Every structure is written in structure tokens, then in C-alpha cells.
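Trainee: Below are the chains, spelled out letter by letter.
Number of protein chains: 2
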Amino acid sequence: MAPPQIVVPANSVLRDCTVTTAARRIFIENISEFIPGEVRLKGWIYRLRILGKTAFVILRDCSGEAQCVIASEALGDHKLKVEDVAEILGSVRAEPRSKTGCEVDISEIRVLNRAGQRLPFQSAAQAESVGLETLIQYRPLSLRTEAVGDIFRMQAALLASFRDALNRRRFTEIVTSKIVSGGTEGGSNLFEIKYFDRVAYLAQSPQFYKEHGVAGLERVYETAHVYRAEPHASSRHLTEYYSLDVEFGFIDGPEDVVQFERELLTDIFENLNQKYGDVIKKYRADLLPSMLGVACWEFDACLEMLRSEFGRTDLEDDLDPEAERQLCQRAARETGIPAVFVLGFPLAARPFYTAPRGSSGAASSFDLLFQGLEITTGGQRLHLREDLEAALRSRSIEPANFESHLAMFDLGMPPHGGFAIGLERLTCQVLNLQNVRQAVLYPRDRYKLTP
Amino acid sequence: MAPPQIVVPANSVLRDCTVTTAARRIFIENISEFIPGEVRLKGWIYRLRILGKTAFVILRDCSGEAQCVIASEALGDHKLKVEDVAEILGSVRAEPRSKTGCEVDISEIRVLNRAGQRLPFQSAAQAESVGLETLIQYRPLSLRTEAVGDIFRMQAALLASFRDALNRRRFTEIVTSKIVSGGTEGGSNLFEIKYFDRVAYLAQSPQFYKEHGVAGLERVYETAHVYRAEPHASSRHLTEYYSLDVEFGFIDGPEDVVQFERELLTDIFENLNQKYGDVIKKYRADLLPSMLGVACWEFDACLEMLRSEFGRTDLEDDLDPEAERQLCQRAARETGIPAVFVLGFPLAARPFYTAPRGSSGAASSFDLLFQGLEITTGGQRLHLREDLEAALRSRSIEPANFESHLAMFDLGMPPHGGFAIGLERLTCQVLNLQNVRQAVLYPRDRYKLTP
Numbered sequence: 001m002a003p004p005q006i007v008v009p010a011n012s013v014l015r016d017c018t019v020t021t022a023a024r025r026i027f028i029e030n031i032s033e034f035i036p037g038e039v040r041l042k043g044w045i046y047r048l049r050i051l052g053k054t055a056f057v058i059l060r061d062c063s064g065e066a067q068c069v070i071a072s073e074a075l076g077d078h079k080l081k082v083e084d085v086a087e088i089l090g091s092v093r094a095e096p097r098s099k100t101g102c103e104v105d106i107s108e109i110r111v112l113n114r115a116g117q118r119l120p121f122q123s124a125a126q127a128e129s130v131g132l133e134t135l136i137q138y139r140p141l142s143l144r145t146e147a148v149g150d151i152f153r154m155q156a157a158l159l160a161s162f163r164d165a166l167n168r169r170r171f172t173e174i175v176t177s178k179i180v181s182g183g184t185e186g187g188s189n190l191f192e193i194k195y196f197d198r199v200a201y202l203a204q205s206p207q208f209y210k211e212h213g214v215a216g217l218e219r220v221y222e223t224a225h226v227y228r229a230e231p232h233a234s235s236r237h238l239t240e241y242y243s244l245d246v247e248f249g250f251i252d253g254p255e256d257v258v259q260f261e262r263e264l265l266t267d268i269f270e271n272l273n274q275k276y277g278d279v280i281k282k283y284r285a286d287l288l289p290s291m292l293g294v295a296c297w298e299f300d301a302c303l304e305m306l307r308s309e310f311g312r313t314d315l316e317d318d319l320d321p322e323a324e325r326q327l328c329q330r331a332a333r334e335t336g337i338p339a340v341f342v343l344g345f346p347l348a349a350r351p352f353y354t355a356p357r358g359s360s361g362a363a364s365s366f367d368l369l370f371q372g373l374e375i376t377t378g379g380q381r382l383h384l385r386e387d388l389e390a391a392l393r394s395r396s397i398e399p400a401n402f403e404s405h406l407a408m409f410d411l412g413m414p415p416h417g418g419f420a421i422g423l424e425r426l427t428c429q430v431l432n433l434q435n436v437r438q439a440v441l442y443p444r445d446r447y448k449l450t451p
Numbered sequence: 001m002a003p004p005q006i007v008v009p010a011n012s013v014l015r016d017c018t019v020t021t022a023a024r025r026i027f028i029e030n031i032s033e034f035i036p037g038e039v040r041l042k043g044w045i046y047r048l049r050i051l052g053k054t055a056f057v058i059l060r061d062c063s064g065e066a067q068c069v070i071a072s073e074a075l076g077d078h079k080l081k082v083e084d085v086a087e088i089l090g091s092v093r094a095e096p097r098s099k100t101g102c103e104v105d106i107s108e109i110r111v112l113n114r115a116g117q118r119l120p121f122q123s124a125a126q127a128e129s130v131g132l133e134t135l136i137q138y139r140p141l142s143l144r145t146e147a148v149g150d151i152f153r154m155q156a157a158l159l160a161s162f163r164d165a166l167n168r169r170r171f172t173e174i175v176t177s178k179i180v181s182g183g184t185e186g187g188s189n190l191f192e193i194k195y196f197d198r199v200a201y202l203a204q205s206p207q208f209y210k211e212h213g214v215a216g217l218e219r220v221y222e223t224a225h226v227y228r229a230e231p232h233a234s235s236r237h238l239t240e241y242y243s244l245d246v247e248f249g250f251i252d253g254p255e256d257v258v259q260f261e262r263e264l265l266t267d268i269f270e271n272l273n274q275k276y277g278d279v280i281k282k283y284r285a286d287l288l289p290s291m292l293g294v295a296c297w298e299f300d301a302c303l304e305m306l307r308s309e310f311g312r313t314d315l316e317d318d319l320d321p322e323a324e325r326q327l328c329q330r331a332a333r334e335t336g337i338p339a340v341f342v343l344g345f346p347l348a349a350r351p352f353y354t355a356p357r358g359s360s361g362a363a364s365s366f367d368l369l370f371q372g373l374e375i376t377t378g379g380q381r382l383h384l385r386e387d388l389e390a391a392l393r394s395r396s397i398e399p400a401n402f403e404s405h406l407a408m409f410d411l412g413m414p415p416h417g418g419f420a421i422g423l424e425r426l427t428c429q430v431l432n433l434q435n436v437r438q439a440v441l442y443p444r445d446r447y448k449l450t451p
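Same order as they appear, the protein sequences are chains A and B.
The numbering of the first sequence is this note's numbering, which starts it at 1 and goes up by one.
The numbering of the second sequence is this note's numbering, which starts it at 1 and goes up by one.
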């Protein structure tokens, strides 16, 4: 057998970076199918253990890790190191002492690209021990750590489950413009865009468009960024976040929307438990709960509960983060699920298109609090043009300013409602993360515009 | 039996808009399961035929159409009309003369919301006879027409198939910021955002982020808007379009990317043919083709072909729309598929991160032309930091300006490549549409900022 060969690229345009013999590259996950035989692997050097005679190279790709061995002296002074990008040619054999049940005897290593000499951390590190700012600054490296990789793989799975659950319920995915001529909620907190010789804004919600979508297709959803020019830099807020927006027609009241969200989340959570239970268990004591039994409490009743049980006399028109935690605590005790829908917020604090709930000044709108954090706002919307006009006037807004939107209500608009889930917040609550920035590849806030 | 009842809402906040007796609303598609029995339907009045004694009301919801009947005199002067939103309670029975094999005897109709008296067209209209501007202006109504509804249901199916095909190939969906501090291609054609006290831009491509993603997760994709401040208003261009972005590591050359796209599109098209063949056949003579046999021609060879076959002596560094059509025509003759990958465009005309192809000034980048239109740009990217620095310098750009991006290439960057498909253009080519605006709910161009 020929001695193992190590090839390091010259520092120049790498025109041909492949090993020239043997088979196509295979994913590491499949190597056991090739016992005994030749395999070509490509990935990152994840761990490197050089003992007296033998060196162990753990190579990692998107499918798994492979234990590869080579005589230590063959490594010579090639300075192979962790995080280098490498191609390994070798023969695979069964090896019961290896985690994967097999091992690759290296016949050739080719370094496809060197990692730098001084990296801020290694991908085999416990990401928990690395600061959040550093993880964000070095996304390629942090994504290779198991913990951070898990977050974004789970987020992708969440997204896929969300869309899938809606597709199975007759919803149509829509794509709507994020460059708009005005706001859906009266014009504050909008980012301004220079649009040729005009001023435009970044959409703060697809609300109007999804309502138009309901009048056309009955059931629509969109997964997209929304933008809020709020000068926050808290652990809960972002200026750009990803909104899972749902809207559907022919509801009888906000309770239909609440019930729909219970079923939707239960469906998503069951799917995640089934496919990613092992990942979820790294982050939570239990798998994700069924949401079918989540309570729905009236806002006024919540205020009363907070007063009597937690001595909160400071709340009037809204809940604060502390109240959200307190209500989830109480809900957990009563229903076994640390989540609650709060329905009937004061109408005055909700956008003009919100339907009233009775005549006492309450709104047919709700928040879903999950593990102490608001992850959803939703409700029934007004669907009669004259009601919308009256709602605008009662807020001292001239209906003519919204005429192009109001005109859509003459085209056959069903009673409807919907909700929006913040993807980053939902990811946080599913994986028990503390800061919403942990669940965004590239967070944006008052101060952060890079990377 | 009591006489049928018709209820029309008062012009005020509609607090309780439901029929108070009988069953939950069911989707029209399922009515035959209820023969003989009571059903409650909700939808739009799609057609209305009032004969001497009998009136036929065709009600439509997101699942189908139902033929409902009522004595003409019972309609009285309630002025029920097409596009009104209605709830119908009635008993369903088998009726072989009806398209769906059953008919509903109406016992109660409740109008949930009146449509306006003068609508620009009806949802039962042939959308082809309505001008594109009108269809865009009245999206709720145009989405209810079969033809326009088909376009956006097909677009949603395309999106779902795209994501599904990638998920099955070990790709991870990523979400990256659209608010960026600079451009990926040198800074022209960017929309400027007022970001608190700073200037930011709308991302013209997720290119850098998806490359970082590859260094972390090996295979990534994103489906999202991208923005180009180009003063076009052509049938092919939009300032905001939806990009299906794919990037993956460990390629040997651009041919790997081409082959991957052949397989991906074939997979998507097969799925669409299978699930939506009846819709596709309304728009095309044949189902969508397999893309496995799509030719890949060198750019220089294409110029030569265009010269010799079409007398084109005016092309040098790029193709024009006419050349794209001519090449697809030629490809159709040679391969049976009106599509071709053109590989090896002049490097100078491609972004700095493009890998060269040989040393003759060609780029390892390609376009995919499909039925006469460019729907994809892709290729292999440079993955060595020193090559990127040299490429920047050769374009008189100081590498320090891109340092935060270049630093990511020290973290273990595999050889990689990818591509981006314009969703609107792909939708057009799948359904033989002539103007990209037909495939966008709310198009944006130099002049268009509403609705």
C-alpha cells in the first residue's frame, strides 16, 4: 500500500481541488454502506487527536462525523488543524470502538481551504461558554457548533412544520410587498426608504395584504420579515423580525381564531417532538406540550387575577413582561400548560381594524403568552367598510387617507381574523433560550446593523 | 317546512353574523358526505341565475362550488347579487344534473357582507379579458377568478416543492437580514433606508450570508425578497422580487451546480405535474418537461452559434433577450427541451466573488435560459481569501472595505457554489405568462408603489 499523501493548496486560485482518483464524495452518514471499501469524504476537521503512533482525525459534514486514522508520522509538518476544510480518501472498515461503528484508514488527505491560525473558539466548543456577540460575529463557526446549529436547524423545522400544517388546511401561501407607501397602523415606527424620487416605507405588517388575500382566496399565510423602527435593544425586541402571518375568512368570532391557533401549534409541536425529540430534550425537561388545552382568559379577568394573586395594582390597559410571566405561572397550575390566550384587550390600544368585543370598549383581539412571553397577537378584524370608517374617525384619522385599502372591502370581504407569530420568539420558547438574538442569524436593533 | 329566510346585515357593527341553528360550517368540497341532510355553507355568490320559478345560487368557497336552489319569489327584493359574501343553510340531496352531483335546497341565506354595486369585473369573468392593471388594482376580486387564482396557487405550490426538494437533500432553510450596511456587488442599484441616525440599504442579494451559511451548515437555502433600485419598468424586471436562493459546499466545479439545478427543477416539475397537471394543461400544450437533459453550452460557443445561425454580430460580453430566445429555440431543436445553461460568461461582467473558468477571462458562472427567458444566475464562487482580495483589487476596490466579509473566509470555507431562481419569472415560464407582473400580487417598479 502506498504511503498516505497530504496535499495543501498553493496560495493561489485553486483550479482543481479534487483528489483525482476513486469514487464520488459521499455523505458521512452513509459510510457504513461501503464497508469494506474506498470512500471519499469532504468536511471540516472537527477534532484532532495525535497520539504516539496514531492520529485520529474526526471529520464532520452536514450529515455526521467520521473517525479517520492515519500514522502520526505521516502528518509530518503539514500542520493539519481543527476547522480546516479537507477531503479524505480512505478505506472504511468496521470498528466497534468507534461511535459510528466504523473507522476510515486514511490514504490521502487534501486540505481544500485552511482555517485561520487564531480562531475565537472552536466548533467542538460548548457554545454556551462563548458570548452571544462573538457567536453572532462569527456565524460560520458558531453554526458549526452543535448548540447553535441545533437552534437554526430547529427554526427551519418550525418553519417547515408551520407551512405544512397550513397547506394541509387549505391555506395558500402569499408573497406580499415589503415596500409600501404607508403604515398599517397609522404611520409611526416606520423605516423610510428613498424610492427613486419618492418616499416609501418598510412594511411593519402584511395585515392589509393578507386581508385582501382572504377576500380572494379565503385562507392565506405569509412567512416574511416585518420591520419596526422602535429604538429598543432589549432581549425581546428586534427592528427586523420574521413573522408567521395567518389570516382566514368566515369566522364567527375571535374564539375561532384562538381555537385554530391551538390546533396549529399542537400540530407543529407534535411534528417537532416526533422528528427532533432528541434535540428538544437537550433544551427542555419535557417534550413540547399539546396546546389544545391552553386556557383563554378575558383581559379584565387577568387584571383581577394579577391583583388578587400577585398584588399587581399597577396595570391598566396592557400587560407587562412580569405580568406575562405571572399569568403563565397561574395557567400552568390550572391547566398544566404554561400558556394562556388573553382575549379582550382594551380596544383603544389596538389598531383601527380591530373588531370590538361587546360594547364595553374591549377588543376582539388576543395575545398568546407562552412560557412567560407574548409570541402571538391576533383577533377578529372589522369587515364592513362603514365600521372601518367609523373606527378611523374615532381615532381622528380621515378615512380618505385609507381609501385604497377601504375600497377592497367593497369587493366581497368575509368576516375574518388571524394572527401573527414571531418566529424568533417561538424558537426561543421552544428551546428555552433567553435572548431573541440567539434565534436570529443576523439580528437588527437600534444599534446593530452588521454583520 | 318553514319558508326560506333571507337576512341582510344592518349597516353597523356586525356582532353576531352566524345563523343560529344547525351544524358547523363545512367546506363545499365535502357536501356530498352529508346527503341527505342539513349543511351550512359560507362563501361568495359566484353565479346567480333567476328563472321563472326557481333561482340557482352558485356559492363558492376555497374548496369548490355548490349549486343551491331557492324559489325565485323567496328572493323577493333582497337584491342578492354576485360577489356578495353569504352563508347558506339548506338540505343537500343527490342531483345528477348538477356538476358536483348534488344540490342544496336553501332554507336560509344570510348575507354576511354586501359587495359594492359597481364592480370592475366579476370573479366568474375570463381574467384574460381584464387588463393587467385592473387585475392588480382589485386583487381580492382577481384572486377569486379561476385564472388569476390558479397563478398564485401554482406559485405557492412551486415554493412548497422547491423547499421540500431541498429539505430532502439535507439543506437547511436560513433567514437573513434584508437591512444591510452595504451591497454585495459593489454598491450600485441599492435602495437607501433611513436607519435611525444612520444610512442602511435593502439587500440586493443574500449572497454573502448564504456563503457564510455554507461555511456553517454546508447546504443552505433562503426564499425571500431581494431589491434592485433599477429604473426599469419592463415586462421582465421588478425592483422587488422573490429569490429562491441555493448555496452548497464541496463542489468540484460549476458543472456540479448546473447538474444540481437540473435535478432540482426536474423534481419540482414532476411534483407540479403530478399534483397540478390539470391546471398546467390549461396554460401549456404539454406538462412540464424533465430538465435532466438540458444542455450546458459555453458562452463563447453560444456567441458563435448566434453568429452563424441567427446572424447576430452585435453581441460581445452578454446576451440580450432576443439571444436568449434564439438559444432556447436552438436547444429545443437539439435536446427537445427549450432550455439551456450558458456557462462561462466573461469574468469582468460578473461580481467579484465569481470563480474564474480557466485562465482565458471566463467566469465559472452560468445563466439558465428557460423558454426564452433567463430564470437563474449561478456558479462557483471564490473560496480562498487571497483570491477574493486579488479579485477586489483587480476591480480597484480596496479589500479593507469588505474586511468583515473576508474574515469569514478564515473560519473554514469549503469550495462552494449556488444559484438563485427568480420566483416570478419561473412562475411565468411554467404557466406561459407574458409579463412578470402577472406573477406578483403587488408588483414594484420604477413607477409602481401601490397597491
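Calculated directly from the structure, the hints in this document are not laboratory data.
No experiment lies behind these values; they were computed from the predicted model shown.
Possibly wrong hints are sitting among the right ones.
You can't tell identical chains apart in this list, so a pair holds if it fits in one copy or across any two.
Said to hold, decoys possible - 25 Å max Cα-Cα, derived DMTMM-like pairs, lysine to aspartate or glutamate:
{"id": "1", "residue 1": "K81", "residue 2": "E386"}
{"id": "2", "residue 1": "K448", "residue 2": "E403"}
{"id": "3", "residue 1": "K281", "residue 2": "E263"}
{"id": "4", "residue 1": "K281", "residue 2": "D410"}
{"id": "5", "residue 1": "K281", "residue 2": "D387"}
Trainee: Run every hint past the structure and note whether it holds.
Mentor: For each hint, the structure was consulted:
1. With identical chains, the CA atoms of K81 and E386 are at most 25 Å apart between copies only, with a shortest distance of 19 Å across copies and 70 Å within one.
2. In the homo-oligomer, the alpha carbons of K448 and E403 lie at most 25 Å apart only across protomers (17 Å), although the nearest pairing inside one protomer, at 37 Å, exceeds that limit.
3. Taking the closest pair of Cα atoms, K281 and E263 come within 25 Å of each other only inside a single copy of the chain (22 Å); across copies the shortest separation is 36 Å, beyond that limit.
4. Proximity of K281 and D410 under a CA criterion of 25 Å is satisfied in neither setting, with 51 Å inside one chain copy and 33 Å between copies.
5. Within a single copy, K281 and D387 get their C-alpha atoms no closer than 49 Å, and across copies no closer than 43 Å, so neither meets the 25 Å cut-off.
Violated hints, in rising order: 4, 5; the structure is consistent with all others.
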